[in-house]
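Here's the letter readout for the chains.
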Amino acid sequence: MVPEQDEQVDHGRRTVNWLLGSSLGVLFVSIFYPIVKYLVPPKLAEPTTVSVTLPWKLAELKANSGRIFRFKSLPGILVKTSGGDVRAFSAVCTHLQCTVQYREDRQDIWCACHNGTFDLNGKNISGPPPRPLEPLKVNVRGDQIIVMKG
Amino acid sequence: MAVVRIAAWLEERIDLWPLRHFIGKKVIPVHRHTIWYYFGGMTLFLFGIQVATGILLTLYYRPSGEEAYESVQFIMTDVQFGWLVRSIHSWSANLMVLMMMIHMFSVYLTQAYRKPRELTWVTGMLLFGIVLFFGFSGYLLPWNVLSYFATKVGTEIAGQFPLVGHMLMRLLRGGDEVTGATVSRFYGIHIAILPALMTAILSLHLFLVQKQGMSVPPAIERAQRGQSMKTMPFVPNFLLRDLFGWFVTLGILAALAALLPWELGQKADPFAPAPAGIRPEWYFVFMFQSLKYIPAKIGPFDGEVLGILGYSLGGLFLLLVPFLDKKSTMGEPNPVFRWIGIALIAYIVIFTALGYVAPVGK
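Residue numbers (this note's numbering), protein chains in the order written: chain A, 1 to 150; chain B, 1 to 362.
Hints are computed from structural coordinates only; laboratory data are not their basis.
Honestly, I wouldn't trust all of these hints.
[Stated by the list, open to error] Computed, partial: chain B to chain A, Cβ under 7 Å:
| hint | residue |
| --- | --- |
| 1 | Gly175 |
| 2 | Ala274 |
| 3 | Lys292 |
| 4 | Ala296 |
In this text, all values refer to a predicted model and were calculated from it rather than measured experimentally.
Virtual Cβ for every residue (Gly too), placed ideally from N, Cα, C.
Use the sequences and the hints to build the structure in full.
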């Protein structure tokens with residue numbers, strides 16, 4: 001065969017290889033793309049309410065105590081300090097997302113998972129949490145407690 | 001005899017000679033470290049128990065946020081011997097992880113990963129990861145308070161990985177939070193995806209072990225140079241010893257399940273605080289305890305991100321150890337790798353112990 005013919009055959013082979021290769025690639029993608037997309041969970045609509053009326057009356061809460069409540073899809077914590085102040089924070093620990101609790105004896109907010117503590121302003125004071133708790137705004141209307149994003 | 005007749009019937013149709021020849025030829029080296037050869041088989045035996053009891057549990061278990069806890073409660077209280085099947089599944093899972101750890105570290109310290117067994121080690125490390133994921137995913141399935149927070153923390157840790165973390169976390173949770181969707185997903189992972197992976201990789205691991213035979217520690221090889229190694233036939237000598245060990249383990253499992261049935265705890269409540277004294281399964285405790293000590297910030301980085309990257313690097317080191325330890329390939333002793341192994345074991349033992357005894361005050 002003359003070199004020119006050789007080159008033509010090579011070119012033809014390369015084209016066929018390319019076509020076969022790319023169609024295999026497309027086949028591969030067309031199988032795995034839907035699978036990967038299927039595995040990614042769909043985004044759920046967040047509840048749009050921005051404020052939550054708590055199921056307890058202000059008078060029910062004793063000083064130096066804390067309670068967990070549902071704020072949208074996440075837990076929040078309401079604290080009544082020994083001075084009678086009512087404060088609310090997201091109860092999701094900023095370390096690894098455990099739910100925090102109020103410690104009456106030490107008057108702080110504590111995460112049992114990795115021993116992180118926060119003061120009553122939500123500030124991280126010891127242990128591994130890297131950031132303060134997200135503060136929530138508390139409105140008291142009569143005896144009702146309404147909590148909203150801060 | 002029926003067995004002989006069946007064997008003859010098979011022999012007429014399929015040539016069993018290669019198999020008989022292989023079994024007849026297979027020997028186990030006998031030396032002062034022979035004891036460590038039993039732990040791989042022990043892990044395999046416990047895996048068999050897991051498959052059998054796991055299949056039984058699927059008959060009553062219901063994977064959803066509303067029904068998971070109640071269905072396990074039903075298994076424990078109403079189903080005949082349900083308590084036994086579930087307790088054996090839980091105890092056997094824990095013993096399996098323990099046996100696998102002993103197997104892995106004995107292989108590491110006897111440098112059995114060295115050439116030509118690099119692939120056996122790598123497949124073993126992949127199995128190690130799969131088994132830990134089995135433990136992690138199975139722990140959530142009863143949907144109790146402990147498992148809820150363990151999963152929340154565990155998936156959040158996955159979420160700390162740079163770049164892919166958030167996507168990985170959503171992929172694991174089946175959403176942004178740990179919910180009933182996570183239970184369904186973990187169930188699928190636990191009973192379908194992981195078993196499929198395990199079967200494939202375990203087959204390769206066992207094939208390689210059969211193909212290459214047992215590794216003899218380099219120190220013993222050196223001491224025995226020029227002399228022939230003492231061995232025992234696999235069938236029946238070693239196999240009978242294996243069976244004896246498995247029989248004893250079965251007895252221990254039954255005793256543990258009967259005397260210390262696995263507790264179910266309280267149903268998970270996403271709106272309750274994490275209870276005091278919470279900790280994961282014992283084989284994750286050393287990591288859990290370390291996370292408590294890592295400060296919030298190390299320089300400009302979040303402490304836990306560095307911690308998690310450290311564990312990933314540690315895992316990568318173990319995975320690649322046959323390729324890093326060049327000396328052992330040539331049959332030379334390598335004290336650096338030996339001491340790394342011993343330090344690793346010491347770290348795991350000390351931090352696991354700390355996880356149980358260090359005071360955490362409520």
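Any CB of chain A closer than 7 Å to the CB of Ala296 of chain B? holds, 4 Å
Classify the hint on Ala274 of chain B as holds or violated, based on whether any CB of chain A lies nearer than 7 Å to its CB. Result: holds, 4 Å to nearest chain A Cβ.
Per the CB criterion, is Gly175 of chain B less than 7 Å away from chain A? Given a least distance of 5 Å, the restraint on Gly175 of chain B holds.
Next item in the hint list is Lys292 of chain B. Is there a CB on chain A closer than 7 Å to its CB? At 5 Å from the nearest chain A Cβ, Lys292 of chain B passes the 7 Å test, so the hint holds.
Checked against the numbered hints given earlier, the structure satisfies every one of them.
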